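There are 2 protein chains.
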Amino acid sequence: MAFTEFRPLDEKSLIEYIKAVPSLSSKLGSDLKVKEVGDGNLNFVYIVVSNAGSFVIKQALPYMRCIGESWPMTKERAYFEAVALRELGRLSPEHVPEVYHFDHTMSLIGMRYLEPPHIIVRKGLIAGIEYPLLAEHMSEFMARTLYFTSLLYRSTTEHKRAVAEFCGNVELCRLTEQVVFSDPHKVSQYNHWTSPYLDRDAEALREDNVLKLEVAELKSKFCERAQALLHGDLHTSSVMVTHESTQVLDPEFAFYGPMGFDIGAFLGNLILAFFAQNGHADQVNDRKTYKEWILRTIEDTWNLFHKKFIALWDEHKDGSGEAYLPAIYNNPELLQLVQKKFMEDLFHDTLGFGAAKMIRRIVGVAHVEDFESITDASGRADCERRALEAAKLLLKERRKFHAITEVISAIQKLQS
Amino acid sequence: MAFTEFRPLDEKSLIEYIKAVPSLSSKLGSDLKVKEVGDGNLNFVYIVVSNAGSFVIKQALPYMRCIGESWPMTKERAYFEAVALRELGRLSPEHVPEVYHFDHTMSLIGMRYLEPPHIIVRKGLIAGIEYPLLAEHMSEFMARTLYFTSLLYRSTTEHKRAVAEFCGNVELCRLTEQVVFSDPHKVSQYNHWTSPYLDRDAEALREDNVLKLEVAELKSKFCERAQALLHGDLHTSSVMVTHESTQVLDPEFAFYGPMGFDIGAFLGNLILAFFAQNGHADQVNDRKTYKEWILRTIEDTWNLFHKKFIALWDEHKDGSGEAYLPAIYNNPELLQLVQKKFMEDLFHDTLGFGAAKMIRRIVGVAHVEDFESITDASGRADCERRALEAAKLLLKERRKFHAITEVISAIQKLQS
Ligand SMILES: Nc1ncnc2c1ncn2[C@@H]1O[C@H](COP(=O)(O)OP(=O)(O)O)[C@@H](O)[C@H]1O
Ligand SMILES: Nc1ncnc2c1ncn2[C@@H]1O[C@H](COP(=O)(O)OP(=O)(O)O)[C@@H](O)[C@H]1O
Ligand SMILES: [Mg+2]
Ligand SMILES: [Mg+2]
Ligand SMILES: [Mg+2]
Ligand SMILES: [Mg+2]
Ligand SMILES: [Mg+2]
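Quick mapping for you: the protein sequence lines, in order, are chains A and B.
Residue 1 is where the first sequence starts when you use UniProt numbering, and the numbers rise one by one after that.
Residue 1 is where the second sequence starts when you use UniProt numbering, and the numbers rise one by one after that.
The set of hints was computed from the structure by calculation and includes no laboratory data.
Keep in mind that a hint or two might mislead.
If chains are identical, the list can't say which one is meant, so a pair holds when it fits in one copy or spans any two.
[Claimed, not checked] Listed next, the in silico DSSO-like pairs over lysine-lysine satisfying Cα-Cα at most 30 angstroms (straight line):
1. K317 x K33
2. K186 x K340
3. K35 x K392
4. K186 x K317
5. K212 x K400
6. K308 x K186
In this text, all values refer to a predicted model and were calculated from it rather than measured experimentally.
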């Protein structure tokens, strides 16, 4: 009954484990129920409920859940997830579940159970449900976590210490490099798409030199630029929501990287959700209004992010952040110039990374339920092709976009 | 006679130390002579010669030599210098002195003594001596050390491990941030310049918003972009030469940063040497031919670097470097496109960083002997002002330059 060595748990042994851990068992009453609910790609997630309290236990095994033992993957990812959950939670406590317990040996995290009606945003987007606070909350989460972990707020000393620690999460970074920046642009056994409809489109991607040139630039930013602590996997299945609450989960890919990678992940997945809507339309609901809501959410998320990020910058401009020293960037005109340039570069990064993440969901190893749940293959391919065209445009021409409204217009044009 | 704790050495205690260290004492015969020769800003350097063998001992004290105990500086820098000397030496053995001994506790390095006629390049440049192999050797050193420590050659796993280690050299990075990217652009007690001649010029720098905007971009690259292992302080006093030999010293500022920072340091200091020549001209030598040699050396260094770097890339393009996977960047046309873009970006970084380092040598804390040795203040100021104008132009307009010959022309124009 000792857990002094790593051991994969199941619903039964988890109960033994909990009994051996006071910080967990003390949260529970009687009438214990344990249920494995993991629907993600990598890990095992158990919901533990009782008549008195509840929590979730997430355990990393030394391979990828969705593929099996043939694709090994370090279970150290649980350590980085726990560190990141705590750090992101400290910076944005309203939007990250509390960590109750972390067991390094067991690669196991105990955290707050996000009770129903919390559901994964992606599922809400497929069901056509509007979340009026989603843009507000996600922009808040991103603005705070990205700002406070960047050199805009931090000293070089704090920054380099944190960067060094997260260099340890290299296996997860490599996985992203492979599935986002490499596999979709070459022949790979893991790639698949809605065949035969998208065969030519997938081939065209592999022959698109301009696209590959831009993907290389994005990849090098991803690998080399330690701008802020990223969630690292901020798609719409890493967020649970109700009408009032927005909670960010699953930061096991966390590392210091370019801010636009997180913002792009979220916005890119909203764009995928948008292009999937035609496949979900039926006689009861043509999804027209809902598509407009998605576009508005994209627009609001960026605009609110912009506003909140700049507000944090202004608020702390005389603080200890070492990027723009007040003694140099003291005059309002210059500060505005600097902020404008920063946000414009970030906008272009966001579009580039978002687009790269869209592409990989259509022709790469891991697809999204937004499209997968469209049963008619030909209709699905039509949705996917439009999304792919949007992604290619945003990636290649991203520097020509200067406002989110221009992005929205481009998306609308490709939809009709 | 134990050296189990850190202790600053002097010429006498150094002899005791050497006797206690077989790997050092075994290199020596009798007739021992020890002489402190450090003329750098930070550390103590002893030349140890005997009738049978010789070496150099470099010791870091926990402050900056040139300022004294009032400016503390971690002696851990000796550790990073030793690690970097070994790594750079492994990659470019002909251009880095061999490390014989490293004592972490004592912050002490034993290395090959670069015997006369080796002199510091900067002194040769002031004396008007041509080094026909300098461009060849420095381009070789930079191409090899930068290429082999980048993701063009390395896997992400190797890269992140090395990046994490050198994050530890944060104090030295902070010093660079301060003296290169901050102090020259604000009022600082450490700044000085040839006053009153350059008073207006120094003030103009502090009021130049466009310049500050560009400096911010360079600083953020310096702090965030872990592109390759940099020497970190590659000015013309970190290189010793004879007509046949070129040796790079003093990589205590080493860390993973943007390649252009090293290349720019070297080229920027050559440009300073060029603009100082008028101050060294006399009736015997008008320095006209010598100035042409310096310009040719700048041109050759970049062009040879370009050639050698691309040759390494081509040679290893099917290797384990993870930046540009062969399966994606396989076609010759695309590879050329990618290389062109890479080298163009690197060229612009080089100009930007080189210019930033020129500026700081004219209005910042640490000046260069090229100018300091010009005794006539007004003549010196004239040289410095032209160098400053060149630097401002290169920094602000760097993206408009597409070939090193265009840079040479711009420099010539500012000289006449
Ligand atoms: N704290 C939680 N509360 C409620 N459900 C959760 C919680 N954490 C995870 N889940 C459920 O488990 C699923 C997988 O969790 P996730 O952390 O994304 O794992 P993976 O890393 O395998 O993707 C989520 O999609 C969600 O349905
Ligand atoms: N290996 C060596 N052989 C000969 N002279 C050396 C050697 N290393 C250093 N020196 C001399 O000592 C000076 C200072 O060394 P350096 O490593 O640049 O110290 P600092 O870090 O203080 O700048 C050099 O300019 C050079 O004259
Ligand atoms: Mg998940
Ligand atoms: Mg996950
Ligand atoms: Mg030196
Ligand atoms: Mg050689
Ligand atoms: Mg030094």
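Could you work out which earlier hints the structure fails to respect and list their numbers in ascending sequence? Of the numbered hints given earlier, those the structure breaks are 1, 3, listed in rising order.
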